[in-house]
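Undergrad: Protein sequence lines, in the order shown, are assigned to chains A and B.
Counting along the first sequence from 1, when you hit position 170 you're at 170 in the working numbering, and nothing is skipped either side.
Counting along the second sequence from 1, when you hit position 51 you're at 51 in the working numbering, and nothing is skipped either side.
Keep in mind that the hints were calculated from the coordinates and are not lab data.
Each residue gets a CB set at the ideal place from its N, CA and C atoms; glycine is no exception.
Any given hint might turn out to be false.
Residues of chain B placed beyond 12 angstroms of chain A at every Cβ, according to the derived structure [to be verified]:
#, residue
1, Pro2
2, Gly18
3, Asp61
4, Asp71
Some chain A residues near chain B, calculated using beta-carbon distances under 8 angstroms [as the list claims (entries may be wrong)]:
#, residue
5, Asp15
6, Val59
7, Gly258
8, Thr276
9, Trp279
10, Asp297
11, Ala298
12, Thr300
13, Leu303
14, Thr304
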Amino acid sequence: MGVMRLGYAHIRVTDLAEAKDHYANTMGLYETHAEGNKVYYKAWDEWDHHSVVLEEGGVGVVKYGWKVQHSTDLDDIEAKATAFGVTVDRMSKGDNPEIGDGIRFTTPSDHVFEVYHEATLVGTEVGVHNPDAFPRHLVGVGVPALDHSLITAEDPGQMDRFLSEVFGFYATERVQTSLDDDADIIATWMTSSNQIHQLAVLSGPQGKLHHFAFRLNDWNEVGRAADLFSMDDVPIDVGPTRHGITRGQTVYFFDPSGNRNEVFSGGYLAYPDRPTNVWTPEALGKGVFYHSRELNDAFTSVLT
Amino acid sequence: MPTVTIHPTGEVIYLQPGQTVLSGLYQAGFAYTVGCRRGGCAICKVDCRAGDFTYCRPVADTVISDAEQADGTCLTCRAVPEGDITIELRGEDVRLVNRFLHQINDKARQRAEAHAAANSAAGTPEKEQSWES
Ligand code: FES
Ligand SMILES: [Fe+2]
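Just chain A, same shape as in the assembly (with noise of 0.2 angstroms):
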């Protein structure tokens, strides 16, 4: 199958406490592992190590990492991305804690992914034992998992490609500028399984990340959710609200470091051959906030 999920988002953050704070506190991530000016998390319903990657300096994303279902796709995607034009490096067993070995390389829109096959197993806070339907104690949010980012690039259309080609991604959504079959593409949502989006790519600087996203089951936990950000004074950017495209439900909110991250719920079953949903400019305000109708000046400049 290949690219099975987003693995893990390896993020900068300015101030390592308070991060560490909004992440593990508000958000209720496990941390599972710490070195130097790095914290490693991982969310209730995850069994992995980690996914969430705090690194104190600086803001924006360090890299992403992609989990693959067999070691023969690293070959596999090391092929196609060279293929594409894109130099792909080694990576070894260990140089990420408790990930195995795999590839890395820098995408057209100049942001580093890494592909690995083997992750430690820790294990879900239920466990796979007669589990129970989530773990009793959870703190603040309680996210189950990571979900999806957003990031920025100046060719949509060309991250669209690459991710076709190289991953096996297919588009579920896209906003173009036209209907015209040669129209340009100004974002694209894409997923390799029933998942409504694993990356999306919005038109914008190279290498930026406008956000990245945790999921949660419902409108009421995205409502609760956007609650405890006001109780821990956590800056909202917008919601609750829907998106038009995904049909997710979503509070946008900004860390202690101003990277913007998201709680979404819902998204229909995507699957690769449910015909793609095109977006055009006139609708883009509903497709992005489908109840206020209007794209907000940040929802395009505001990125780390």
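Using the hints provided, position chain B with the ligands relative to the given structure of chain A.
TA: Coordinates of chain B with the ligands only, in the frame set by chain A:
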């Protein structure tokens, strides 16, 4: 009692001690282009024309470069005035979006000024006012 004067309109806004420029302006009913409010996105930069400020948190060098540390660039969501400062926005004017909040801020400023004048007349040192709502 730090104040922020906005050039060129001359609006004067009263800040609580320790309050950031961004927080003070919004609390006084003004709006301008801001984003993360946490020092990450660099959207809230203005020029500081007079007075000193410090950053209340570490600021990434991708947000404020070394040159900008010295040229009067002021990242308003992290900048805390050390005394009265004057700022000028870049490519836009502040918008008064809430007259009620502006009136409250004006009253707080006038009261703080009256306190300071009374204290200096009585020869007692100015003590820091705390925000009363
Ligand atoms: S609002 Fe983002 S840096 Fe100030
Ligand atoms: Fe998202």
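Undergrad: Give a verdict on every hint.
TA: Now the hints, each set against the structure:
| no. | hint | result |
| --- | --- | --- |
| 1 | Pro2 | holds, 22 angstroms |
| 2 | Gly18 | holds, 15 angstroms |
| 3 | Asp61 | violated, 7 angstroms |
| 4 | Asp71 | holds, 21 angstroms |
| 5 | Asp15 | holds, 6 angstroms |
| 6 | Val59 | holds, 4 angstroms |
| 7 | Gly258 | holds, 2 angstroms |
| 8 | Thr276 | violated, 30 angstroms |
| 9 | Trp279 | violated, 24 angstroms |
| 10 | Asp297 | holds, 7 angstroms |
| 11 | Ala298 | holds, 5 angstroms |
| 12 | Thr300 | violated, 11 angstroms |
| 13 | Leu303 | holds, 6 angstroms |
| 14 | Thr304 | holds, 4 angstroms |
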